[in-house]
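Peer 1: Residue numbers (our numbering), protein chains in the order written: chain X, 1 to 173; chain R, 1001 to 1132.
Not one of these hints is a red herring.
Here are the computed distance ranges between Cβ atoms for each label pair: (1) X/ASP48 with R/ARG1082: 51 to 59 angstroms; (2) R/GLN1097 with X/SER163: 21 to 29 angstroms; (3) X/GLU135 with R/GLY1130: 41 to 49 angstroms; (4) X/SER19 with R/ALA1048: 45 to 53 angstroms.
Which residues of chain R face chain X? A few of them, derived with a C-beta cut under 7 angstroms, are: (5) SER1012; (6) PRO1013; (7) ALA1014; (8) MET1015; (9) ALA1017; (10) ARG1021; (11) ASN1064; (12) PRO1066; (13) THR1093; (14) ASP1094; (15) ALA1095; (16) THR1096; (17) ARG1098; (18) LYS1114; (19) PRO1115; (20) GLN1117.
Here are some, though not all, of the chain X residues that point toward chain R, as calculated from beta-carbon distances under 7 angstroms: (21) LEU89; (22) VAL105; (23) SER119.
Hint data in this document are derived by calculation from the structure and do not stem from the laboratory. A virtual CB, placed ideally from N, CA and C, is assigned to each residue, including glycine.
Each chain is listed here by its residues.
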Amino acid sequence: MIDPTNSAVAALTDASAGSNDVMASDIVGAARDVLNVMFFSDVLEDADALPSPRPDTLQVYVKFDGDGAGEFQMEIDDSTAQSLAGSFLGAEAGTKPNTEEVQQVMGELGNMVCGAFLSRYERDGLFNLSSPTVERASAAMPSGVARSLQLLDGTMDLRINWSVPVNRQSLPA
Amino acid sequence: MQSLRILIVDDSPAMRAYVRRTFQLASLPIETVFEAANGQEALEIVNAENEAPNKLDLVFADLNMPVMNGEEFVAKLRANERDASLPVLIISTDATQRRVLKLKELGAQGYISKPCQPEMIRLKVHQILGEQ
Chain X
1 MIDPTNSAVA ALTDASAGSN DVMASDIVGA ARDVLNVMFF SDVLEDADAL PSPRPDTLQV
61 YVKFDGDGAG EFQMEIDDST AQSLAGSFLG AEAGTKPNTE EVQQVMGELG NMVCGAFLSR
121 YERDGLFNLS SPTVERASAA MPSGVARSLQ LLDGTMDLRI NWSVPVNRQS LPA
Chain R
1001 MQSLRILIVD DSPAMRAYVR RTFQLASLPI ETVFEAANGQ EALEIVNAEN EAPNKLDLVF
1061 ADLNMPVMNG EEFVAKLRAN ERDASLPVLI ISTDATQRRV LKLKELGAQG YISKPCQPEM
1121 IRLKVHQILG EQ
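Okay, chain X solo, but in the shape it has when bound (with noise of 0.2 angstroms):
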């Protein structure tokens, strides 16, 4: 016999799976986008994403609100970082971008990718972003949807955590 409730229940658990799935795609498709365009470098290949904190890395945070509330999370590898910056700000060969423009850059790297993952996985939303924190790694990040991305320059994690889901039924249409 079935049980109602556990079929329920599977049935959601199906639906949050298949909603992450897409999540972890856009997450994926908006860093390569970005990374393309405006950074000169290239996402590789994706996979689960590693243990927070790691050492010797930059993390970066972007809250959003509007249509859905959450918040974005970046974590880096510090030689990445700065292979990266160096890219964005045009640096030439020999010379490296100093540690406060390289956190300027990575707070503009997590910008970048949050606003292209919200437009990407919500195109009818609304969303108003704050401005990027950027830190050393210290603490674990919150756990959510997340992939770790292997970069032509190295290596970054990318997470999102939804606090206020987005309901779909209340967006134009």
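Given the coordinates of chain X, assemble chain R onto it according to the supplied hints.
Peer 2: Chain R only, in chain X's frame:
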């Protein structure tokens, strides 16, 4: 195209540097580049430059900024008759259709979604200034 006097409004110094660099990569003739970190600072620069012999030709503005965001900036700019025709090009990560429509209604002349290549910026600048 004449040499341009341009204002870049973005709270990210890195993004302001990127936009400045794309002007060179896109071979846009630039006379002066002004920078502001939010809409409030941008309004102050627009007001000051209104007194200058050569006025601003174009404003590039981000949307999400502290103090005064891009939408408030465009709305306040358009509320002042003297600045009603100053072209504003929004550059933002938010490319949702509702946002773009809202910005058009407020009076922004153009919209570029990040990530964007220098060629896109060049095309939009020519499109907007060519329309005038």
